[in-house]
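J.: Letter by letter, the chains look like this.
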Amino acid sequence: MMTIKRILLVEDDPKDIELTVSALSEHNLANGILIVRDGVEALDYLYRRGTFAQRSNGNPVVILLDLKMPKMDGIEVLRQIRSDEKLKTIPVVILTSSRESHDLETCYKLGVNAYVVKPVKFTDFVDAVKEIGMFWALINEPPPNNTRGQ
Amino acid sequence: MKKNSIENKEWQKADARVLGQILAAQNIEFALPDTTRIAEFFAETLLAIPGIASCRVCIENVIFQKGEMENELCAGCETLQEITAGQNEIRPRGMGIRCMLAGQANMQINTIDSCQHHFGFFVFRIDDPDAFNVYKPFISNLSNYVAISLENRLQRDLLRKARGELELRVAERTEELKRTNEDLIREIAAHQQAEESLRKSEEELRAFFSQTIDGCFYMMLDEPVRWDETVDKERMLDYVFAHQHITQINDAMLAQYGATRGQMMGLTPNDFFKHNLEHGRDLWRRFLDAGNIRLESDERKLDGTSMWIEGEYIAIHDRQGRIIGHFGIQRDITKRKQMDETRREQYSTLHSIIESTDALIFSVDREYRYTSFNSAHAAVMRAIYNVEIQLGHSLWDYMTNAEDREKAKRNLDRALAGEHLVESAYSGEEKLSRLYFEVSHNPIAAGDGTVIGVAVFSHDITERKRAEEEIARSLEAEKKAREIAEILREANESLSRTLNLDDVLQNLLQYLNRLVPYDSANVTLLEGDFQLRVAALRGYERWTDIDMTRKITFDVRTAPVLKEVVATQKSLIIADTRDHPGWIRPAGAEHVISWLGVPIIAGRQVIGLYSADKTEPGFFTEEHRRLVEGLAGQAAVAIQNTRLHDQIKRANVELEQRVIDRTAQLEAANKELEAFAYSVSHDLRAPLRHIDGFVELLQKNMGISLDEKNRHYLDTIADSAKKMGILIDDLLSFSRMSRSEMVNTRVDLTELANEVIEELKPETENRKIQWLIGTLPQVRADRAMLRGVLVNLISNAIKFTRPRSHARIEIGVAQESPTEITIFIRDNGVGFDMNYADKLFGVFQRLHRTEDFEGTGIGLANVRRIINRHGGRTWAEGEIDSGATFYFSLPQSSEEELP
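Those protein sequences? They're chains W and A, same order as listed. According to this note's numbering, the first sequence is numbered sequentially starting from 1. According to this note's numbering, the second sequence is numbered sequentially starting from 151.
Hints should not be assumed to be uniformly reliable.
Subject to a maximum C-alpha distance of 30 Å in a straight line, what follows is the list of computed DSSO-like cross-link-like pairs (lysine-lysine) [said to hold, decoys possible]:
hint, chain 1, residue 1, chain 2, residue 2
1, W, Lys121, A, Lys615
2, A, Lys615, A, Lys629
3, W, Lys130, A, Lys850
4, A, Lys383, A, Lys350
5, W, Lys130, W, Lys109
6, A, Lys311, W, Lys130
7, W, Lys130, W, Lys88
8, W, Lys15, A, Lys850
9, W, Lys121, W, Lys15
10, A, Lys949, W, Lys121
11, W, Lys121, A, Lys451
12, A, Lys872, W, Lys15
13, A, Lys872, W, Lys130
14, A, Lys859, A, Lys872
15, A, Lys559, A, Lys485
Have a look at the derived ranges for each label pair, beta carbon to beta carbon [what the hints assert, rightly or not]:
hint, chain 1, residue 1, chain 2, residue 2, range
16, W, Asp84, A, Ser883, 33 to 41 Å
17, W, Gly111, A, Ala818, 27 to 35 Å
18, A, Asp1002, W, Gly50, 37 to 45 Å
19, A, Ala825, W, Gly50, 26 to 34 Å
20, A, Leu834, W, Tyr108, 23 to 31 Å
21, W, Tyr108, A, Asp869, 16 to 24 Å
Derived by calculation from the structure, the hints in this document are not laboratory data. Keep in mind that this is a model prediction, so the values were computed, not measured. Where is the CB? At the ideal position from N, CA and C, for every residue including glycine.
Here chain W stands alone, though its shape is the one from the complex (with noise of 0.2 Å):
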């Protein structure tokens, strides 16, 4: 059996999320996602910091990040990933509405591993999903001292 592997979805728009989730709970990845709702809170968790003090050890398996987030935005969260050592081998894709070239640029600098534009029409949102989930959470094998955690 296929152990299921924790997403982190970090996202602020409850409309997108609930899409996000209906297409990853098509192809059953749905459990395992851990939905944030900025970047502070994105870091929180990832930091067990506040109402995330008390989770359980291990990093998420693939974080999906939006960029525009009210209190901390999507790039600040991403550097602050890969700038800690324990966090910076945390595969992160961007899950975005922004087409802007600055900010493809600026993701790839900071070392995401993928950039992803939320098609507008919903099928192909929710093949862009699938495929992220299915390759991340099921696919990729994570490095070897990322405990996972509950």
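Model the placement of chain A on the given structure of chain W, informed by the hints.
T.: Chain A only, in chain W's frame:
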């Protein structure tokens, strides 16, 4: 007469005279009325004989002396005369007389005796025995002639007396008559003897006649004529001219006239002067008046040729003093005359040359007296000294200018010492009558080489000199002008080299000092309307504390002189400030006596004042004023430049700040715009995505329970959302196009076009499209952007030819100029209405319905935006259903610009 004595030319004239006298002596009984005249004649004749220095003639009771004679001798003569007086009998010659001369050297004494009577004696002194010896024979002749004449006269007197007595006593004294007859006969015999003696003399004379080289002749009248105030001389001349004939003539004279004796004998004055009778009569008149004449005359030979005669003519009188003829001796001097004539012509030529030259010519002797001069010289002397010069007068009589005289004397003395010298000289007052000469002094040497005078040739070179001076003056002026121009140029260069006001003013004062040697100078600049502030100083250190002076400010309103300069904008020269009304003397300017104030004018406004000072009065000239004005003009420009420069500097600082501010503003605006674009791309699309997403979910959940109508509604919603998504994407790309930076590289348009066509292949599937791609140039452009242009235009062409079964798309170069290249993309598609051509390139402008041809209306706007950013143009031509051609131009890039 000895032949050799005749050869002596010196004596020839004496011969003539002596012979003339001697010959004349034959007839003195007629010519001379009394014994005194005879004695006088005798003495003159004796003295005419060469070698005789003095004589004393004692005849009867008359003594006539010529020349010096010792008193003792004279006394002796008187004694002797007393002894012999009245003794008419013949005595042995020299009896009792010679003893008187004992001890007297060179003295001779002869008696005057006829065969019957002793008339007297004569004593004479010989100073030249050689000369005298030649004439010695004549002495006895002379004494004989005189004796015979005296005897004849005596006889005639006796005869007359006898005849008178005879007539008285004819009747009663027959006896006596007989005796008297006997006496008469005796007398006649004596007379005959005398005539014999005379004939002998004539023979001697004839010998002389034939031997002398001078022409000698007698010309005797038919009848004696009286020539005195009692006669009508003209009538008498008529007679003389017709009735005086050549009676005797020698060979020499015949030779002169080229005639034979036969031709000449008997000729009258009328014959001789037929070529010019009046001349002849004139000569005769003078001759007869004087009794003798010596002359040169133009006569004619017998053949008519002209000859010049030099002759002496002596009238011969009878006892009553009537003229009976004359003796002449004459010589042909034609040759000499011709030589004289030639010489005169030469002289005349020389004279006219000397007179016609402009050169001044004169000569002086060793005493500086004029020996010659030409009229040019005379004219110059007249012009300079106002004198009329004359030969023989000393140069110093005329040359009144001491300096001229000294100089002239120096030169003349050098020439008199034998030196040839040429030098320049001048005369007269400078600027008034001064004339300049080039003078050459030439010594005049006599035959033996001694310098007897100086010939001076002067050329008046005043004109040349003046011209030279004029040239020199103009050269000098030109040189000065060049120097000034050079200073002005240097000043200009120096003034324009700096934009610092202090430097400009200091330079200005420095250059002004080179033009105008002031003692001190300053520049004041006008601040506000009235305050003249000292801005620069020079030369005041000597007089005052310059730090104090530097702070001086003049109020124009209270300084009349400054006020005048500022108000009139004209320079002012004050010759002496001490007596100039309104001159205000500030502390530190006590030394200022001469003052020159020049306004510095910029743009018709006085901006300052240049003041130059001098400690002496009347120093500044109009030229100084002009020079300073010239420099003040440059100074004004330089001062204005520094001011402008300061203004520009200030303006630059301001501008820079404004640019910084503006840039910050723009950057802020740009950021905002970026933020806006970001939100648009991020936030605007999110709702669309949601619409689409939830419509999809709804469809999935409703499944087959959804009827056709509701399905259509949902599809429409999803489609609209999708379209809006595309629209937003296009808008974003358009916005990005404007903001993104251009990266220009070399772009091969042919290559790029093929690449784009390749990329658009999916859209051309199942289409028949004929591509006509010409050779396109390489251009310098942003490759990505230019690609966008081609994508837009080519995809449009593909799109709008969709209705055509055979589409044709052509890409090529429409026009190429050195500055611009134009590319076209032509299709045979649906075309467009040219009325809307302008709208084609506007944002969201569409000419076709979306159902027919999809599109957002952004594409061509993007094309235009890109081409504009490259500096090119875009336009289109088309016709409905006849295709369209889109053009874009790009500026030509030079070869170097192509990387």
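J.: For W/Gly111 and A/Ala818, compare the CB-CB distance with the range 27 to 35 Å and indicate the outcome.
T.: holds (31 Å)
J.: Starting from the range 16 to 24 Å, see whether the pair W/Tyr108 and A/Asp869 falls in it by beta-carbon distance.
T.: violated (34 Å)
J.: Lying within 33 to 41 Å: is that true of the beta-carbon distance W/Asp84 to A/Ser883?
T.: Given range 33 to 41 Å: holds, Cβ gap about 36 Å.
J.: Compare the distance between the alpha carbons of A/Lys949 and W/Lys121 with 30 Å, and conclude whether the hinted pair is satisfied.
T.: Holds, at roughly 24 Å.
J.: Range first: 26 to 34 Å. Now tell me if the beta carbons of A/Ala825 and W/Gly50 are that far apart.
T.: With a Cβ separation near 29 Å, A/Ala825 and W/Gly50 satisfy 26 to 34 Å, so the hint holds.
J.: Decide if the proposed pair is consistent with the structure: A/Lys615 and A/Lys629, CA atoms, cutoff 30 Å inclusive.
T.: Answer holds: A/Lys615 to A/Lys629 is near 20 Å, not above 30 Å.
J.: Just to be careful, I want the Cα atoms of W/Lys15 and A/Lys850 compared with a cutoff of 30 Å; is the pair within it?
T.: holds (17 Å)
J.: Mind checking the alpha carbons of W/Lys121 and A/Lys615 for me, to see if they're no more than 30 Å apart?
T.: Given that 30 Å is the threshold and the Cα spacing comes to 114 Å, the pair is violated.
J.: Can you confirm whether the C-alpha distance between A/Lys872 and W/Lys130 stays at or below 30 Å?
T.: Between A/Lys872 and W/Lys130 the Cα gap is close to 21 Å, so the pair holds against 30 Å.
J.: Starting from W/Lys130, check that the Cα of W/Lys109 is at most 30 Å away, please.
T.: Since the Cα atoms of W/Lys130 and W/Lys109 sit roughly 25 Å apart, the hinted pair holds (cutoff 30 Å).
J.: Taking 30 Å as the top limit, are the C-alpha atoms of W/Lys130 and A/Lys850 close enough?
T.: holds (17 Å)
J.: Starting from A/Lys859, check that the Cα of A/Lys872 is at most 30 Å away, please.
T.: holds (20 Å)
Hints 1, 4, 6, 11, 15, 18, 21, counting from the list given before, are not met by this structure.
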